[in-house]
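Student: Line by line, the protein sequences give chains A and B. When the letters of the first sequence are read in order and numbered with my numbering, they come out as residues 1 to 301. When the letters of the second sequence are read in order and numbered with my numbering, they come out as residues 302 to 499.
Honestly, the hints are just simulated from the structure, not real lab data. Possibly wrong hints are sitting among the right ones.
Selected chain B positions facing chain A (in silico; Cβ < 10 Å) [to be verified]: (1) Leu338; (2) Glu361; (3) Gly364; (4) Ile430; (5) Gly450.
Per label pair, the in silico range of CB-to-CB distance [claimed, not checked]: (6) A:Gln98 with B:Arg323: 40 to 46 Å; (7) A:Asp195 with B:Ala324: 30 to 36 Å; (8) B:Gly450 with A:Glu286: 58 to 64 Å; (9) B:Asp440 with A:Asp209: 42 to 48 Å; (10) B:Arg372 with A:Glu188: 54 to 60 Å; (11) B:Arg365 with A:Glu72: 51 to 57 Å; (12) A:Leu184 with B:Asp414: 36 to 42 Å; (13) A:Ala102 with B:Ser436: 25 to 31 Å; (14) A:Arg211 with B:Asp390: 50 to 56 Å; (15) A:Trp301 with B:Arg421: 49 to 55 Å.
Stretch by stretch, here's where chain B covers chain A in the computed footprint (C-beta under 8 Å, at least three residues) [claimed, not checked]: (16) 32 to 38; (17) 44 to 51; (18) 208 to 218; (19) 281 to 287; (20) 292 to 299.
Ideal Cβ positions, reconstructed from N, Cα and C, are used throughout, including at glycine.
Listed below are the residues making up each chain.
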Amino acid sequence: MHDHADTRRDEATFTVKAGLAEMLKGGVIMDVVTPEQAKIAEDAGAAAVMALERVPADIRRDGGVARMSDPEMIRGIQEAVSIPVMAKARIGHFVEAQVLEALEVDYIDESEVLTPADEANHIDKWAFRVPFVCGATNLGEALRRIGEGAAMIRSKGEAGTGDIVEAVRHLRMIGGAIRRLATLDDAELATAAKDLQAPLQLVRQVAADGRLPVVLFCAGGIATPADAALVMQLGAEGVFVGSGIFKSEDPELRARAIVEATTHYRDAARVAAASTGLGQPMVSLETSKLDDEQLLAPRGW
Amino acid sequence: MGTVIGILALQGGFEAHAKIVRALGAEAHEVRVPADLEGLDALIMPGGESTVMTLGIEREGLGRPLRELARSGTPVFGTCAGMIMLDRDHLGLLDVRAERNAFGRQLRSFEADIEVAGLRGGPVHAVFIRAPWVSEHGDGVEVLARVDGHPVAVRQGNLLAVAFHPELAGEARLHELLLALAAGRSGEGHTPAVSRSE
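My request is simple: use the sequences and hints to build the entire structure.
Tutor: Written out as structure tokens, the structure is:
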């Protein structure tokens with residue numbers, strides 16, 4: 001279909017991978033489990049959709065091993081929408097990632113929401129042409145993922161709870177650590193790299209730039225327009241909403257409202273307007289009442 | 302008072318544009334509502350998702366004031382989704398039809414050095430992300446660059462649009478052209494870095 005013969009070009013470079021995340025900034029990426037939901041998400045203003053078999057709230061409720069989605073479902077979603085389609089692979093499951101690349105998804109999320117396939121190693125993301133987004137709870141984890149080739153980072157939060165507290169904790173951990181790095185001299189940066197268990201070169205870059213070298217989104221627990229505006233004010237460059245939309249009373253209305261609040265996150269009057277008359281949010285769980293083995297964020301190393 | 306460049310900030314890659322605009326010594330103003338269009342010398346429509354921007358423009362009532370701004374002669378520069386927003390099927394300002402995701406999905410995204418007519422200093426390093434191309438255009442539209450024969454950079458009077466992202470490759474010459482157009486309009490005698498090609 002495409003004639004590549006004429007203009008010389010380089011595909012799948014890091015610039016091109018990280019560049020798509022740049023274009024998603026200020027946007028909302030929504031979890032969807034059917035082509036119909038994907039269409040609703042696109043029509044409500046989603047910047048991309050995350051195709052998965054069950055939203056985190058259902059994974060949490062049903063238990064069992066959570067895996068990559070059925071390729072047929074992913075293809076159905078790709079046909080239903082024109083916006084980027086992302087899909088999740090299990091941590092360390094590089095063959096699920098190979099399958100998703102063969103399906104030509106636009107981004108792979110190596111996700112703690114699915115059951116990990118390797119308890120020591122993440123996927124070598126440099127080996128792929130498709131870009132990866134990975135979760136992180138702190139700066140060291142974010143930089144290890146970038147060192148492995150991730151072209152976008154999302155704070156993990158605690159998926160499927162509708163409780164924003166972990167998302168806030170993780171964003172503050174990442175942002176606070178970045179601000180502290182900016183105060184260190186070169187000798188101290190080497191020690192910081194050791195303490196963060198992160199590559200020194202990336203630590204130096206973060207200290208110099210005052211930001212991650214890739215786009216940072218927030219995920220895990222966003223249920224309301226105010227939640228979205230909160231994490232944007234805390235430094236997120238966009239948001240992932242998992243169960244928060246299609247587990248709420250009126251998904252279409254709530255999706256539009258979260259998109260609006262993400263654009264106008266500093267304008268309280270607009271966030272107030274977006275928060276009005278949305279019906280019930282998703283059924284939520286207080287994270288501090290969950291048992292340790294029910295937590296998803298500690299998955300990944 | 303310096304030159305003020307508005308950058309549509311409903312969603313997408315607006316910050317990378319702001320960085321280049323500031324590096325060129327102009328002010329960058331984010332545009333989210335019609336009132337933000339006051340006092341602009343030029344406007345940038347950035348990349349992002351055109352579906353999101355279309356909904357945002359509708360929600361904010363930005364369609365009419367954006368058209369009025371462009372039709373009054375204010376220079377406008379669209380990149381990627383910004384090119385789509387200017388086309389016949391969206392804001393209807395640029396006499397082109399832009400085909401969305403024409404180069405394919407993300408796996409087909411690419412970087413390339415391309416010649417842009419009228420731009421001095423060698424080829425432009427262009428980053429194409431799920432990029433469109435121009436599938437049809439009217440006689441009043443000048444094609445400045447092509448990839449595989451498809452127009453990817455066009456100009457029509459005060460409107461400039463490219464299918465790629467100069468802002469992701471530190472390429473500032475197209476922004477310089479926008480500033481020169483703005484300066485030429487206000488009669489400040491700014492020396493343009495570019496010459497209009499035939």
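Student: All hints, please: hold or fail.
Tutor: Here is what the structure says about each hint:
With a least beta-carbon distance of about 16 Å to chain A, the hint placing B:Leu338 at the interface is violated under the 10 Å criterion. Because the closest C-beta pair between B:Glu361 and chain A is about 9 Å apart, less than 10 Å, the hint holds. A cut of 10 Å between beta carbons decides the hint on B:Gly364: the least distance to chain A is about 16 Å, and the hint is violated. With a least beta-carbon distance of about 5 Å to chain A, the hint placing B:Ile430 at the interface is held under the 10 Å criterion.
Proximity of B:Gly450 to chain A holds as hinted, the smallest CB-CB distance being about 7 Å (cut-off 10 Å). Judged by the Cβ atoms, the range 40 to 46 Å given for A:Gln98 and B:Arg323 holds: they are separated by roughly 42 Å. About 34 Å separates the C-beta atoms of A:Asp195 and B:Ala324, a value consistent with the hinted range of 30 to 36 Å. Taken as a hint, the range 58 to 64 Å holds for the pair B:Gly450 and A:Glu286, whose Cβ atoms sit roughly 59 Å apart.
Between B:Asp440 and A:Asp209 the CB atoms are about 46 Å apart, so this pair conforms to the stated range of 42 to 48 Å. Checked against the hint of 54 to 60 Å, the C-beta distance between B:Arg372 and A:Glu188 comes to roughly 57 Å, which is consistent with it. Between B:Arg365 and A:Glu72 the C-beta distance comes to about 44 Å, which lies outside the given range of 51 to 57 Å. A beta carbon spacing of about 38 Å between A:Leu184 and B:Asp414 agrees with the range 36 to 42 Å that was offered as a hint.
Remark: the range hint 25 to 31 Å for A:Ala102 to B:Ser436 is upheld by a beta-carbon distance near 29 Å. Checked against the hint of 50 to 56 Å, the pair A:Arg211 and B:Asp390 fails, with Cβ atoms roughly 36 Å apart. For the pair A:Trp301 and B:Arg421, the beta carbons lie near 51 Å from each other, so the given range of 49 to 55 Å is met. Given as covered by chain B, the stretch 32 to 38 of chain A fails the check, having 0 residues with a CB less than 8 Å from a CB of that chain where 3 are the minimum.
With 5 residues having a Cβ less than 8 Å from any Cβ of chain B, the stretch 44 to 51 of chain A passes the three-residue criterion, so the hint holds. Coverage of a stretch by a chain is defined here by at least three residues with a beta carbon nearer than 8 Å to that chain's beta carbons; for the stretch 208 to 218 of chain A and chain B the count is 0, and the condition is violated. For the stretch 281 to 287 of chain A, the stated coverage by chain B is violated: 0 residues have a C-beta nearer than 8 Å to a C-beta of that chain, whereas at least 3 were required. Counting residues of the stretch 292 to 299 of chain A whose beta-carbon sits less than 8 Å from any beta-carbon of chain B gives 0, not enough to reach three: the coverage restraint is violated.
Hint compliance for this structure: hints 1, 3, 11, 14, 16, 18, 19, 20 are not met, and every other hint is.
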